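**Q** Here's the letter readout for the chains.
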Amino acid sequence: MLGAAGTKRNAEKGQGQMSNVGPVTATSTDPVMGSKGRTAKTIEARGVNLYYGDFHAVEDVTMTIAPNKVTALIGSSGCGKTTFLRSLNRMHELTVGAGVKGEITLDGEDIYGAGIDPVQVRRLVGMVFQSPNPFPTMSIYDNVASGLNLNAGRMSKSQKDGIVERSLRGAHLWDEVKDRLDKPGTGLSGGQQQRLCIARAIAVEPEVLLMDEPCSALDPVATLAIEDLIGELKSKYTIAIVTHNMQQAARASDLTAFFNLEETGKPGRLVEIGPTEKIFTQPGEKATEDYVSGRFG
Amino acid sequence: MTPPVQEQATVEGGALASAKIAGGVLPGWATYAVVIAGAALAAAVLLATGAFTVALMLLFAVPVAAVGLYCWSRAVEGPRRAKDRVLTLLIASAFALAMLPLISLLYEVAKRGIPGLSLEFFTSDARGVINGGGAAHAIVGTLVITGVAALISVPIGIMAAIYLTEYGTGKLRRALTFFVDVMTGIPSIVAGLFAYALFEIFFGPGIRLGVMGSAALAVLMIPIVIRSAEEVLKIVPNHLREAAYALGTPKWKTITKVVLPTAFAGLVTGVMLATARIIGETAPLLVTTGVIDSLNSDPFNGRMQNLAVYAYNEYRSPGVMKQASYDRAWAAALTLIAIVMILNVVARLIYRRYKTEIR
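Chains as they are written, first to last, in the working numbering: chain H, 1 to 297; chain L, 1 to 359.
If you are wondering where the hints come from, they were derived from the structure by calculation, not from laboratory data. Keep in mind that the hints are not guaranteed to be accurate.
[Unchecked claim] Under the rule of at most 30 Å between Cα atoms (straight-line distance), these lysine-lysine pairs were calculated in the DSSO-like manner:
{"no.": "1", "chain 1": "L", "residue 1": "Lys257", "chain 2": "H", "residue 2": "Lys160"}
{"no.": "2", "chain 1": "L", "residue 1": "Lys355", "chain 2": "H", "residue 2": "Lys160"}
{"no.": "3", "chain 1": "L", "residue 1": "Lys111", "chain 2": "L", "residue 2": "Lys83"}
{"no.": "4", "chain 1": "H", "residue 1": "Lys183", "chain 2": "L", "residue 2": "Lys111"}
{"no.": "5", "chain 1": "L", "residue 1": "Lys355", "chain 2": "L", "residue 2": "Lys257"}
{"no.": "6", "chain 1": "L", "residue 1": "Lys234", "chain 2": "H", "residue 2": "Lys178"}
{"no.": "7", "chain 1": "L", "residue 1": "Lys251", "chain 2": "H", "residue 2": "Lys101"}
[To be verified] Among the chain H residues that face chain L by a calculated CB cut under 8 Å, a handful are:
{"no.": "8", "residue": "Met91"}
{"no.": "9", "residue": "Leu94"}
{"no.": "10", "residue": "Val100"}
{"no.": "11", "residue": "Val119"}
{"no.": "12", "residue": "Arg122"}
{"no.": "13", "residue": "Phe129"}
{"no.": "14", "residue": "Ser131"}
{"no.": "15", "residue": "Phe135"}
{"no.": "16", "residue": "Pro136"}
{"no.": "17", "residue": "Thr137"}
{"no.": "18", "residue": "Ser146"}
{"no.": "19", "residue": "Leu150"}
{"no.": "20", "residue": "Thr186"}
{"no.": "21", "residue": "Ser189"}
{"no.": "22", "residue": "Gly190"}
{"no.": "23", "residue": "Val204"}
It should be emphasised that the depicted structure is a prediction, and the values quoted were computed from it without experimental measurement. Each residue gets a CB set at the ideal place from its N, CA and C atoms; glycine is no exception.
Please build the complete structure, drawing on both the sequences and the hints.
**A** So this is what it looks like as structure tokens:
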């Protein structure tokens, strides 16, 4: 459906200027299709190179982000994990001067192909950011419903209520906020705000959920809550998570990709990717072993 | 930490504390007392020489008080605190000096303006009246002309600011920013002449229209709106835009549903202050809206009076009863200041009511 949406607006360039043209996916406006165990989509990156102007940030990454699995991206600061993650839903290009080479496909469709609208890609590949960023002008309810309000077509109040409740339950936040849905989202604690942002991201039923250090601004209790949540979400979504926290990668992920850069100024590279257990117990590369054992980075 | 070290630290702390106590502190009223004493001393000297005025007394009081305060504080509290006290005194005096013209202006305008205020002043125009009459036509004119100017400026200004913050890149953006800066410096009479020249092309020479005045004021107002709106839009954090994009929101919806609501309070405040800034313009209106004695509330038809030009005319060509004319001029000035103040207060209220907590 991505290709179909794409050909409709071959003439469109860059940021799409169209609000919503037809259903994005069959599931996006259907509140019933949130049941467990659907097969999410696979992201494949082949020979991906990312640039900021002349600076080569990420070199030649080829990896698969498997459906219904949690893939952790680990590595020292500045090695391009976040940059790579942002290229997966075309957020990278929002930075002035950013460039992309290589191929990234979502279930076989090239998301950088001609005529693909980045706005459509982002509807399928959602994102949760490092620091919680609920919309300060909106209530808790409106924050969760913001993706629907901003993008989906008209829907009935009861339908929307259903999606909001299901998303908040999905993000383990419903019991804490059900009595104050009309209060501002910014009034919640940091951990609650981050779960609110996760609820907002899953309310639009994306296929893939990208998380950029979602727990780095949270205390250990809130972090554990989010990790539990990630473990549950993978039954419905494909999840990629960037983390600096090795224990988190070990606890929460199925697959781990280790990024590294040889020295400052050189591009970051994917050193290896494999099942988390293998990466942490018998990594194939010396650099990985050094990193996961805490010898550097 | 080992006990001996801790002991040493305690001893040191004790020594420091006792040093402070030994140095002593001036009582809370010390600064005020010194200033009053300085003023008294200056007054005494001036009275003795027979040259006493309030302004001179205040002028001499500050340096005398500064020297006195420094000596006293240095003797009791030590040099660091003495310097601190003197600098505080000087800064407070500078602030008082800066406030002096404003307060004096408000006082003078109120004192001279209030006698001219009457029911007639607000309800009748000056058509066919030889002595007396009111300024209703000028008040209506000011509100209409400024309102139309705001209607022209606000959409253009805010959209230009959106372009500069959300879309503009490279040379075009830099060029636009530069020209906005240049525009803020345009002398207001030039804006008036520009509007006149523009309308003259279509309506022939000698044309006077309310909307022409609005166009002139818009030329002055647009750059102010752009500048303030740009600053407000810039402080909307980028992570909110990214959050919207990550939900698959197109850029225009991100701007209209996320960026603008977040910046709403600041935008409104900016517009109000820009309006207050141009509402008292006189020169551009003299050449565009003309002078008229009767009420005209249609900006597209004929001449239109406004408060600034009204005050100017009442003062420049008073009738037979000069004082009454002067009173009306001052009353018009007072009304204008009142409108500006109301705009400022409303801007503050709106800001407080609608401001968004941005982290």
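**Q** Each hint should be assessed against the structure and marked as holding or not.
**A** Each hint tested on the structure:
1. L:Lys257 - H:Lys160: holds, 18 Å
2. L:Lys355 - H:Lys160: holds, 28 Å
3. L:Lys111 - L:Lys83: It is violated: about 41 Å lies between the C-alpha atoms, which goes past 30 Å.
4. H:Lys183 - L:Lys111: Between lysine 183 (chain H) and lysine 111 (chain L) the Cα gap is close to 49 Å, so the pair fails against 30 Å, i.e. violated.
5. L:Lys355 - L:Lys257: OK: lysine 355 (chain L) and lysine 257 (chain L) at ~16 Å, within 30 Å.
6. L:Lys234 - H:Lys178: violated, 34 Å
7. L:Lys251 - H:Lys101: holds, 24 Å
8. Met91: holds, 6 Å
9. Leu94: It holds, given that the least Cβ distance between leucine 94 (chain H) and chain L is near 7 Å, below 8 Å.
10. Val100: Check failed: Cβ of valine 100 (chain H) comes no nearer than 16 Å to chain L, outside 8 Å.
11. Val119: Holds - the Cβ of valine 119 (chain H) comes within 8 Å of chain L, reaching about 5 Å at its closest.
12. Arg122: holds, 4 Å
13. Phe129: holds, 6 Å
14. Ser131: holds, 7 Å
15. Phe135: holds, 6 Å
16. Pro136: Constraint on proline 136 (chain H) satisfied, holds at 4 Å.
17. Thr137: Holds, about 4 Å.
18. Ser146: holds, 7 Å
19. Leu150: This interface hint holds because 5 Å falls under the 8 Å limit.
20. Thr186: holds, 6 Å
21. Ser189: Check failed: Cβ of serine 189 (chain H) comes no nearer than 13 Å to chain L, outside 8 Å.
22. Gly190: Result: violated, 11 Å to nearest chain L Cβ.
23. Val204: With Cβ-Cβ at 6 Å, under 8 Å, it holds.
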